[in-house]
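**Student:** Read off the chains here:
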Amino acid sequence: MNSAPDSTPATPAEHQARQRWIGVLAHSRSDELLRHEAALRDADYQLIRAAEIGMTLVRGRMGGTGAPFNVGEMSVTRCVVRVAGGLTGYSYLAGRDKVQAELAALADAHLQGAQQAYWLKELIEPLAEAQATRRAQKEAETASTKVEFFTMVRGDN
Amino acid sequence: MSANLLQPAFANPVLDSQHSFRSAIKALAEPGVIQTLLQPSQEPPALEGLDAATHALCLTVLDLDTPLWLAEAFDTPVIRANLSFHCGCPIVSDRRKARFALLDESQLHDLSRFDLGNDRYPDQSCTLLIQLPSLEGGSTLSLRGPGIQTENPVSLPINGDFWQQREFHNDFPRGLDVFFVAGSQVLGLPRSTRVIEPICDSKERA
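Going down the list, the sequences are from chains H and U. So for the first sequence, the working numbering puts the first residue at 1; every next one is plus one. So for the second sequence, the working numbering puts the first residue at 1; every next one is plus one.
If you are wondering where the hints come from, they were derived from the structure by calculation, not from laboratory data. Backbone N, C-alpha and C fix where the C-beta goes; we use that ideal spot for every residue, glycine too. There could be a bad hint or two in this list.
[As the list claims (entries may be wrong)] Some, not all, of what chain H presents toward chain U, calculated at C-beta under 8 angstroms:
#, residue
1, Q46
2, L47
3, I48
[To be verified] Residues of chain U placed beyond 10 angstroms of chain H at every Cβ, according to the derived structure:
#, residue
4, V61
5, D104
6, H109
7, S192
Produce the entire structure from the sequences given, and follow the hints as far as they go.
**Tutor:** Rendered as structure tokens:
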């Protein structure tokens, strides 16, 4: 239609990069994004779809390969914004935090723009690092509770 | 991607669509009476090609379960992108699959192939949303039937082809319900309404 930056189809690499930062934003904590609120909102933007809370059905497969079953429903907040210049940012976050959803959508829009490197460095990398730390910590905590079950074979010396 | 075509819809999705639905139901309950669909403050931002009331009615009645058929005049990338995004409705090219259809005045000579529902589920018929330049200014006809105490005069600016087509595709309880929309106004014409031309009235009685 017109030549807004996101009308050209994304290359697989761009696609992957965007998947990554959307994933990082989805795993972020509300207070982590709020720290960047002033910078994120420092642009003319319009809410295409104001943040709204909904439910989604989570499905899973036993062991990742079994028949699909319904795990349960979870609340999801989504938001779409357009910043000046025509870039559209999307966000889907678990939970019910509308402010966080709006900030994440703004971040997605900024990350597609000319300032991508800046936003990756300032926002995404620190978030990803914090998430990696949290995950490692959690894994360590979990690992310490691991119990090995084994059987001594009787009469085998 | 069509993301650059998207624009905002209702400012207050829940309340605005409830108000709009209330007016639409009222329009069908009182066939032939022109209703204002929404107050100007509640109307969604203009969408190119759609009048305010048409846009609001689309946002109100369409969802994932209602395939929509678009007349050529409305089949634009902007309308497609925004209705798909905000309503999530599938847009179909086969009239038979449509639960709602968006028509302009150039389509009224042919209402064939729209689903009329079936005898067991007449409510599963296709509902037509017809956008006109105005809801007045044509020759006057009288409406009778449920929701009308005696007669309601209407002067829709459409020609006789539509009324013939409507008659032809009306096999009560199967049939087509119609909303005529212009600007911010809406006029309902359910299948149960009978149309009487005042001039022919005397002949019928004779």
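**Student:** Each hint needs a verdict: does it hold in this structure or not?
**Tutor:** Now the hints, each set against the structure:
1. Q46: holds (7 angstroms)
2. L47: Given a least distance of 6 angstroms, the restraint on H/L47 holds.
3. I48: holds (5 angstroms)
4. V61: Fine: 19 angstroms to the nearest Cβ keeps U/V61 off the interface.
5. D104: holds (22 angstroms)
6. H109: holds (32 angstroms)
7. S192: holds (37 angstroms)
The structure agrees with every numbered hint stated previously.
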